[in-house]
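These protein sequences, in sequence, are chains A and B.
All residue numbers for the first sequence refer to our numbering, where the first residue is 5 and numbers rise by one.
All residue numbers for the second sequence refer to our numbering, where the first residue is 2 and numbers rise by one.
Possibly wrong hints are sitting among the right ones.
[As the list claims (entries may be wrong)] Within a straight-line C-alpha distance of at most 25 Å, the following computed DSS-like cross-link-like pairs (lysine-lysine) qualify:
id, chain 1, residue 1, chain 2, residue 2
1, B, K312, A, K364
2, B, K226, B, K411
3, A, K198, B, K107
4, A, K99, A, K279
5, B, K273, B, K384
6, B, K438, B, K253
7, A, K198, B, K108
Hints listed in this document are in silico derivations from the structure and should not be mistaken for laboratory results.
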Amino acid sequence: MSAKPALHQIELTPTAREAERLMVICNACRYCEGYCAVFPAMERRLNFAQADLDYLANLCHNCAECYYACQYAPPHEFAVNVPRVFAELRAETYKKYAWPGPLAALFRGKRIVIPWIIGLAALVLSVANPAGTAFYDVIPHEAMVSIFLAVSALIVSAHVAGFIRFWKGAGETVSEFLNPTAIAQAAADVLSMKNLSSGGVGCTYPNERHSQARRIFHHFTFYGFLLCFASTTVAALYHFTGSVAPYSYTSVPVVLGTLGGIGLLIGPIGLYSLKRSRDPRIVDPAQDGSDIDFLGLLFFTSFTGLMLLAMRGTAVMGPLLIVHLAVVLCLFLTLPYGKFVHGIYRSAALVKNALETMRKKP
Amino acid sequence: MDSDILTSDIAVIGGGNAALCAALAAREAGATVTVFECAPFDYRGGNSRHTRNMRCMHEAPTDVLTGAYTEDEFFADILRVTEGNTNEHLARMVIRESPNSVAWAKKQGVRFQPSLGGTLHLGRTNAFFLGGGKALMNTYYERAAAYGVNVLYNAEVTALDIRDGRFLGGMLQHEGKPREFRAKALVVASGGFEANFEWLEEAWGEAARNFIVRGTPYNRGTVLKMLLTAGADSIGDPTQGHCVAIDGRAPKFDGGIVTRLDCVPLGIVVNKNAVRFYDEGEELWPKRYAIWGRLVAQQPEQIAYSVIDSKVLGRFMPSVFPPIKADTIEQLANALELSAATLRDTVDSFNQAVVPGTFNHQVLDDCHTSGDLKPPKTHWAQKIDTPPFMGYPLRPGLTFTYLGVRVNDKAQVQFGGAFSGNIFAAGEIMAGNILGKGYPAGTGMTIGAVFGRIAGKGAANVR
Numbered sequence: 005m006s007a008k009p010a011l012h013q014i015e016l017t018p019t020a021r022e023a024e025r026l027m028v029i030c031n032a033c034r035y036c037e038g039y040c041a042v043f044p045a046m047e048r049r050l051n052f053a054q055a056d057l058d059y060l061a062n063l064c065h066n067c068a069e070c071y072y073a074c075q076y077a078p079p080h081e082f083a084v085n086v087p088r089v090f091a092e093l094r095a096e097t098y099k100k101y102a103w104p105g106p107l108a109a110l111f112r113g114k115r116i117v118i119p120w121i122i123g124l125a126a127l128v129l130s131v132a133n134p135a136g137t138a139f140y141d142v143i144p145h146e147a148m149v150s151i152f153l154a155v156s157a158l159i160v161s162a163h164v165a166g167f168i169r170f171w172k173g174a175g176e177t178v179s180e181f182l183n184p185t186a187i188a189q190a191a192a193d194v195l196s197m198k199n200l201s202s203g204g205v206g207c208t209y210p211n212e213r214h215s216q217a218r219r220i221f222h223h224f225t226f227y228g229f230l231l232c233f234a235s236t237t238v239a240a241l242y243h244f245t246g247s248v249a250p251y252s253y254t255s256v257p258v259v260l261g262t263l264g265g266i267g268l269l270i271g272p273i274g275l276y277s278l279k280r281s282r283d284p285r286i287v288d289p290a291q292d293g294s295d296i297d298f299l300g301l302l303f304f305t306s307f308t309g310l311m312l313l314a315m316r317g318t319a320v321m322g323p324l325l326i327v328h329l330a331v332v333l334c335l336f337l338t339l340p341y342g343k344f345v346h347g348i349y350r351s352a353a354l355v356k357n358a359l360e361t362m363r364k365k366p
Numbered sequence: 002m003d004s005d006i007l008t009s010d011i012a013v014i015g016g017g018n019a020a021l022c023a024a025l026a027a028r029e030a031g032a033t034v035t036v037f038e039c040a041p042f043d044y045r046g047g048n049s050r051h052t053r054n055m056r057c058m059h060e061a062p063t064d065v066l067t068g069a070y071t072e073d074e075f076f077a078d079i080l081r082v083t084e085g086n087t088n089e090h091l092a093r094m095v096i097r098e099s100p101n102s103v104a105w106a107k108k109q110g111v112r113f114q115p116s117l118g119g120t121l122h123l124g125r126t127n128a129f130f131l132g133g134g135k136a137l138m139n140t141y142y143e144r145a146a147a148y149g150v151n152v153l154y155n156a157e158v159t160a161l162d163i164r165d166g167r168f169l170g171g172m173l174q175h176e177g178k179p180r181e182f183r184a185k186a187l188v189v190a191s192g193g194f195e196a197n198f199e200w201l202e203e204a205w206g207e208a209a210r211n212f213i214v215r216g217t218p219y220n221r222g223t224v225l226k227m228l229l230t231a232g233a234d235s236i237g238d239p240t241q242g243h244c245v246a247i248d249g250r251a252p253k254f255d256g257g258i259v260t261r262l263d264c265v266p267l268g269i270v271v272n273k274n275a276v277r278f279y280d281e282g283e284e285l286w287p288k289r290y291a292i293w294g295r296l297v298a299q300q301p302e303q304i305a306y307s308v309i310d311s312k313v314l315g316r317f318m319p320s321v322f323p324p325i326k327a328d329t330i331e332q333l334a335n336a337l338e339l340s341a342a343t344l345r346d347t348v349d350s351f352n353q354a355v356v357p358g359t360f361n362h363q364v365l366d367d368c369h370t371s372g373d374l375k376p377p378k379t380h381w382a383q384k385i386d387t388p389p390f391m392g393y394p395l396r397p398g399l400t401f402t403y404l405g406v407r408v409n410d411k412a413q414v415q416f417g418g419a420f421s422g423n424i425f426a427a428g429e430i431m432a433g434n435i436l437g438k439g440y441p442a443g444t445g446m447t448i449g450a451v452f453g454r455i456a457g458k459g460a461a462n463v464r
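For reference, chain A alone in the conformation it holds in the complex (with noise of 0.2 Å):
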């Protein structure tokens, strides 16, 4: 229906085929219309393309929900199963996306390369001097400037690569996405983790008890992230202002660091934690990797850099702060490769289904 018909004749991969199986089925039952945006968009179709499956894919938040309350979950024979379909699809459209591929496909299923990466990090960075005492005497603001810039416009640009791949993939064009309306209703339901909340009373994860646990850890992740972004950018523009690093304990960008900080130690070790007790039936284990990488190098981040804030004044400063830069460049360096591309299409797919609702409200 929505999608163009050239795209209906791209051939479905065999886990498109089993999640067009389950919509099939789901549009002719429909009882889970009430749970989230994934049942509402998949009512709007009657045939599912390559196109729409990524997107529903992408749409779903993983709640489980629809599995529990699903009367056709196995052992019934229909073996309905949309949560855990949709993850192994996901993961496709992750591979599928990602940009440049050679690079991508470097760090694919490969756990190794974490190590291995922040090994390389923490020897470019010690060739400066970690007897310094001063954080630019440990390595020269120019060259962590410059470090720092390079791997952010690659990354930068992986990441609206990636974006317009998978926009133009669901069959939609970029200047459709520069809609205000659906721009707002999408980051209202990204910055309130709606579709986990299952009308308040949280959604069934890591099991069929309804519970918030898993809402309340990602918010602390979400926003711990987005609060140490504006640290670093509230940094560089003191920098620029000529004042340098470091601040005092009560300047903004230690303040938003810090509480940024607590929000990467509380939230990636409650995910993991609820994540170690999800339901096995609901799991896609091929992901567990990349996910586990993520969270952990988001707790690394912020661990060493509230060590290197609590011992900036003693002689270990030098060495914390290249085990900081070098972990911190190892997440930048696998962000566009890694569990953290799902918010960039969870967002695009969330923008394309306030679009699609707009579109139906003439």
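With chain A's structure known, arrange chain B on it following the hints.
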């Protein structure tokens, strides 16, 4: 060994809506309760796991219901579909209690949703469970666990000791082992016998073999039979059941909602001999879909085929099985294993009889066939002329049976004209008291919810 005897104040047989409402109400009243659910955990909840809503009276719009639906209108609907085959006192009691049942369900944690799509336009009369009946049952079971109700799965009652209408004890198979159980009072909420093909054959003859059971395979009527054998007074015609036309490719059991086909009024329906047999456009589909099961059951080999053309695609809920498609009527006939010449004749004579009109599938439109076509199609008659042509096989899909035990307004089961002091019934096993024939959608769940609570409270008062 006495220690092996399962003892509680109340034994509830069954695991669906009525059973859990009874168990929770009895527990709220302070009684200890054991629930015997014969299905395993994954299939708990009887036919309630396939339901979606309950019909509810209301004087003004509520958070989940639009408009108003008064006691008299609700009763008029029951009177109409049952053709008077009801007990007005019990029916009105259920209707009046229905808003309380919704409120009570909410108190247990059940969530309702405003009605959206795909629901036969029931947003005014029926309160929809968020996520459907299995979500409803999950909530009740979660609440039962929190209240300390003892729930046994794979627990099939094999014998009941009933003397002079009084329950004394019983036997069950639990996880394959025999056990004895005792209780001061018994609530029977174990459904009908629609999954018992031997019993169905007694009532419907050999035609029953070709029926498909839309719901649980665990409603075999064994406890119903025990009660009748022990002298309980029966109510309802054993040959009556709720039987709709569903996709003939559905699984034998548990296919549920997705096997429903809503395209009958949009085309023609032919039998094995490729001829039409009933007015497909007699009434709006929600008012007629429940007669088509019986109509198909009366056709040779209990099969029929809905034939539509491409014009009507998108005008009905997609079904779970794809239509059988062909570019010509003859090819479609071959694909459906019908006589190509006869189907051609049937379609041609239908097309010739179509009187042009303004098609509107949401109202009783003026598209009908001219006088000489037998049977006529009185609404939504459009020529079947736009390929590809599509066919869906139809089979009788049995939802539930009406034969049950007679009860009073305290849910007490009647034995030889006298009401039992400690045997109560709720749900499908006694729904025939109110629904002697036909049912307005969602009324079974209302009866289960209201009588379940009455039975549970009554049982808790037995000394």
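Now for the hints, and whether the structure bears them out:
1. K312(B) to K364(A): 22 Å, holds
2. K226(B) to K411(B): Answer holds: K226(B) to K411(B) is near 22 Å, not above 25 Å.
3. K198(A) to K107(B): 22 Å, holds
4. K99(A) to K279(A): Distance of about 22 Å is within 25 Å: holds.
5. K273(B) to K384(B): Roughly 21 Å between the alpha carbons, so the hint for K273(B) and K384(B) holds.
6. K438(B) to K253(B): Cα-Cα ~24 Å, so holds.
7. K198(A) to K108(B): Judged against 25 Å, a Cα distance of about 24 Å means the pair holds.
Of the numbered hints stated above, none is contradicted by the structure.
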